[in-house]
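Q: Here is what each chain is made of, one letter per residue.
There are 2 protein chains.
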Amino acid sequence: MLQSFNARTGEVFGNDVLVTSSSELETAIQKAHHAYADWQSSDGETRAKLLNALADAIEGDRENLVKLADTETGLGLPRLNGELDRTAFQLRRFATLAKNGGAFVFTDDPAVAGGPPVGHPPMMRVRVPLGPVAMFSASNFPFAFSVLGGDTASALAAGCTVVVKAHSGHLHTSARVYDVASKAIQAQGMDEGLLQMVQGAGNQVGVALIQHPLIAAGAFTGSTRGGAALRDAARARPRPIPFYGELGSVNPVIATPAALKKGGDALVQTLAGSITLGCGQFCTNPGLLVLQRSDESTNFVLALVEALKPLKPHAMLTKAMRSALDQGTAAQIEAGAKPLLYTPVDEVCPNPYLAEVDAKTFISQSQLHEEVFGPATLIVWTDSVAQTLEVLNTVGGTLTVTFWGAEEESADVQKLVRGATAIAGRVLFAGVPTGVAVTAAQQHGGPWPSSTEPMTTSVGDAALDRFLRPVSLQDTPEWLKNREGRPC
Amino acid sequence: MLQSFNARTGEVFGNDVLVTSSSELETAIQKAHHAYADWQSSDGETRAKLLNALADAIEGDRENLVKLADTETGLGLPRLNGELDRTAFQLRRFATLAKNGGAFVFTDDPAVAGGPPVGHPPMMRVRVPLGPVAMFSASNFPFAFSVLGGDTASALAAGCTVVVKAHSGHLHTSARVYDVASKAIQAQGMDEGLLQMVQGAGNQVGVALIQHPLIAAGAFTGSTRGGAALRDAARARPRPIPFYGELGSVNPVIATPAALKKGGDALVQTLAGSITLGCGQFCTNPGLLVLQRSDESTNFVLALVEALKPLKPHAMLTKAMRSALDQGTAAQIEAGAKPLLYTPVDEVCPNPYLAEVDAKTFISQSQLHEEVFGPATLIVWTDSVAQTLEVLNTVGGTLTVTFWGAEEESADVQKLVRGATAIAGRVLFAGVPTGVAVTAAQQHGGPWPSSTEPMTTSVGDAALDRFLRPVSLQDTPEWLKNREGRPC
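Chains as they are written, first to last, in the working numbering: chain X, 9 to 496; chain Z, 9 to 496.
Among the hints, a few may not be true.
As the list claims (entries may be wrong) - No more than 25 Å apart at the CA atoms, straight line, and that leaves these computed lysine-lysine pairs for BS3-like: (1) Z:LYS107 - Z:LYS57; (2) X:LYS270 - X:LYS423; (3) X:LYS489 - Z:LYS270; (4) Z:LYS346 - Z:LYS320; (5) X:LYS39 - Z:LYS423; (6) X:LYS270 - Z:LYS489; (7) Z:LYS75 - Z:LYS327; (8) Z:LYS191 - Z:LYS57; (9) X:LYS269 - X:LYS423; (10) X:LYS423 - Z:LYS39; (11) Z:LYS368 - Z:LYS346; (12) Z:LYS317 - Z:LYS269; (13) Z:LYS489 - X:LYS423; (14) Z:LYS423 - X:LYS489; (15) Z:LYS107 - Z:LYS191; (16) X:LYS320 - X:LYS75; (17) X:LYS346 - X:LYS317; (18) X:LYS191 - X:LYS39.
What the hints assert, rightly or not - Here's a subset of chain X near chain Z, in silico, CB distances under 10 Å, partners left out: (19) PRO125; (20) PRO130; (21) GLY404; (22) GLN422; (23) ALA432; (24) VAL435; (25) GLY439; (26) VAL479; (27) THR484.
Don't read these hints as lab results, they were simulated from the structure. Small disclaimer: the values here were computed from a predicted structure and weren't measured. In this text, a Cβ means the ideal position worked out from N, Cα and C, and glycines have one as well.
Just chain X, same shape as in the assembly:
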């Protein structure tokens, strides 16, 4: 039996929710498998129709959904309304992509006369959907990375069907989104198996889902530990399948002294806002500030402390996440970080945390490389560009690196850009890493530990590619050629 909680009060909220039984799980997967038989060969118009209907459906129930989500997550109405907007936007964007043939892009490679290696038969390189996909919702985005989130939207657009495991942090929101989605699917006269939902706490339902022989891929947003466990389960199958895990990230911000001076108080306020936004519960939260020792850097940090002091983040999503934050900050201090702003409270709402450490200690203490999820940032002091590069190399993998002060080309700037691109999925040269645009050029996924498949993205148009496998067709018959990239 699962329980939902009011994020602000910690009290039990609403009715208990049943854990999906083995036989219910089997039924859900069989339905998704059955629906896949036709959906895999659906055209772009049909896919767009479904995705647009799903966007309309959540917008149509906005008031109820946002209210429910606010109770279960404490994220507040403005944020949740914005997130619902984003979720509808994503669904419609993948609808447009599908309609415009994004899933059916192919390489036509006509025959070349003569023997090998120059000559070859006529070939087409098309893409086929993978099959029914297992989707694992995130705690921190009850709409945008959940039942009808970007993973679901991109998988449906690719021609896959979806079995989504709801996150236990927002059970009733998930159930209502699923109910609204199911009705929209039914109203379109489409197969209910296109989208199925299961519920469970811990790993049991999730592992059974990802290891089911009819499941062809997995997509996950959440912690490195949780993602690694499901990735390992996906790999332990007799037939391993792709598993796209978007995991933890420390998102270093590096800045030249000149950039800090130029940015002034506006930059201080922007960074303080990014650290505390949504109580720091973003995978792109700036957890590391790498500064070269200088007066400008010292002044910036003093101002940052002052800017953070009055900020009062809201409650965290769950009690477990709150205690993980407290443990994480304490562990940093234990490992040698010196707190600049550290006022642990027993209250529901945590205070912002800021600490500092020298680069050598940072590099040598693996505890300091771990993401601390919440409004917590560690400042790392370096003596040189070379040492900043060492720090980046120690981080190894991250969703983002932000680099303030790269306006002019120089040997040092070049090196830092290389160091940043070597470890990140996205490199920003202005602004803050929170806020991930849903657009053509987005890359949300970097080297381990920030994701399990760094060649892919979980946000933006290219998210579609995760669910389409290339297949060459050789000497393709005319009828099949005429399907223009829809090979089945």
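Got chain X sorted already, so can you dock chain Z onto it with the hints?
A: Just chain Z now, kept in the frame of chain X:
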């Protein structure tokens, strides 16, 4: 100490070769790491210059190389001359790709005004090379999947440097190719670290190579067992890295009775030739012939037996591979296959092997799903299209499926095309799977167990993509924007 053998006589050939020591391995990797610092930001012209020089170099030493390879592999001069042609062709094709900017393709995504989710800052999605790559040569292609093979060519074109582990089946050929390559690199005034070579038997050198912290990816062509071991080593690193393994495959051929009748004796001869070509030592060797019971099918099989009888394959590459073939065929018979052509000989050259089994037995006996490397094919008899689909589903993953008889669209043909594309990287509608064109639309890689990364290909232009990771640049400074896709 490693020894080379004459593939035809089994006698020791040439001098002993030293196993690369730990310190030599470290030096090789450090050199590749050092060379990467500049190579990652080289332009297309420079990469093309190197790759073209390498193609010229092996062609310039053709006579010696082919003679050496013939002694060590027994593959014969015509095949080896053809393979050297292919290897040079591959190098030049990736040179052209690099010159034309294939590694620097990027998505330009200008700013959209307004707030999220619609508005966003200016973004570019570029690709960065991964770093120094570990390359593992194949036994069966001493040139095309070896020191200067497609993996090396595509990695260099992508801006990576390469440390290749030579295959122990052709030590002297590898050493000579490497020597020729090193001289060509030197003659261009380029860094010797662009390409390094190590030697070793068993897994020790290979595991040390793939687990070295400076190695950023691995590429492998060979057995499922060997590939799985290296893949696991790559994943067991503190920082896991991509590992592209092109492994074993049974390459089912399915055919309608009408297609067999229409194809007549020409089709019989073509298939017999494909089964025995190169002594069956191709990853695309047709190991499974799935036929629906019919008079046409029976006649085809009778004719195939007669066509195979007089064919005398040459010696296998190594004694170990020869005994694996004998064990594999014996295991099939043990598991219920009935031999149609089975004359085990103690001689160096194996005879072609053909056996048959009913679909039910095939499906239930996992031993029958394993690739038998060599001139060996198993016929599976099915009673219906549904049963043929079950057989394909049992195979699960394969580099190719060949489907004779798909000229006209029908519900059954549709189902079989879907069944074929669901498990294969390439689906052929004419001809035989041996012979893999190096071209834009090639896909050489399918679901497990045929490869570790089925979304990628090890042959053809898209092989380049394996070594380039997408990175988004946000609010990119002008100077960096002007590098047009070369972000570092």
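Q: Now tell me, hint by hint, if it's right for this structure.
A: Against the structure, the hints:
{"no.": "1", "hint": "Z:LYS107 - Z:LYS57", "verdict": "9 Å, holds"}
{"no.": "2", "hint": "X:LYS270 - X:LYS423", "verdict": "22 Å, holds"}
{"no.": "3", "hint": "X:LYS489 - Z:LYS270", "verdict": "22 Å, holds"}
{"no.": "4", "hint": "Z:LYS346 - Z:LYS320", "verdict": "22 Å, holds"}
{"no.": "5", "hint": "X:LYS39 - Z:LYS423", "verdict": "19 Å, holds"}
{"no.": "6", "hint": "X:LYS270 - Z:LYS489", "verdict": "22 Å, holds"}
{"no.": "7", "hint": "Z:LYS75 - Z:LYS327", "verdict": "20 Å, holds"}
{"no.": "8", "hint": "Z:LYS191 - Z:LYS57", "verdict": "14 Å, holds"}
{"no.": "9", "hint": "X:LYS269 - X:LYS423", "verdict": "22 Å, holds"}
{"no.": "10", "hint": "X:LYS423 - Z:LYS39", "verdict": "19 Å, holds"}
{"no.": "11", "hint": "Z:LYS368 - Z:LYS346", "verdict": "14 Å, holds"}
{"no.": "12", "hint": "Z:LYS317 - Z:LYS269", "verdict": "21 Å, holds"}
{"no.": "13", "hint": "Z:LYS489 - X:LYS423", "verdict": "16 Å, holds"}
{"no.": "14", "hint": "Z:LYS423 - X:LYS489", "verdict": "16 Å, holds"}
{"no.": "15", "hint": "Z:LYS107 - Z:LYS191", "verdict": "22 Å, holds"}
{"no.": "16", "hint": "X:LYS320 - X:LYS75", "verdict": "22 Å, holds"}
{"no.": "17", "hint": "X:LYS346 - X:LYS317", "verdict": "17 Å, holds"}
{"no.": "18", "hint": "X:LYS191 - X:LYS39", "verdict": "16 Å, holds"}
{"no.": "19", "hint": "PRO125", "verdict": "4 Å, holds"}
{"no.": "20", "hint": "PRO130", "verdict": "9 Å, holds"}
{"no.": "21", "hint": "GLY404", "verdict": "5 Å, holds"}
{"no.": "22", "hint": "GLN422", "verdict": "7 Å, holds"}
{"no.": "23", "hint": "ALA432", "verdict": "7 Å, holds"}
{"no.": "24", "hint": "VAL435", "verdict": "6 Å, holds"}
{"no.": "25", "hint": "GLY439", "verdict": "7 Å, holds"}
{"no.": "26", "hint": "VAL479", "verdict": "5 Å, holds"}
{"no.": "27", "hint": "THR484", "verdict": "6 Å, holds"}
Consistency with the previously given hints is maintained throughout, with no hint failing.
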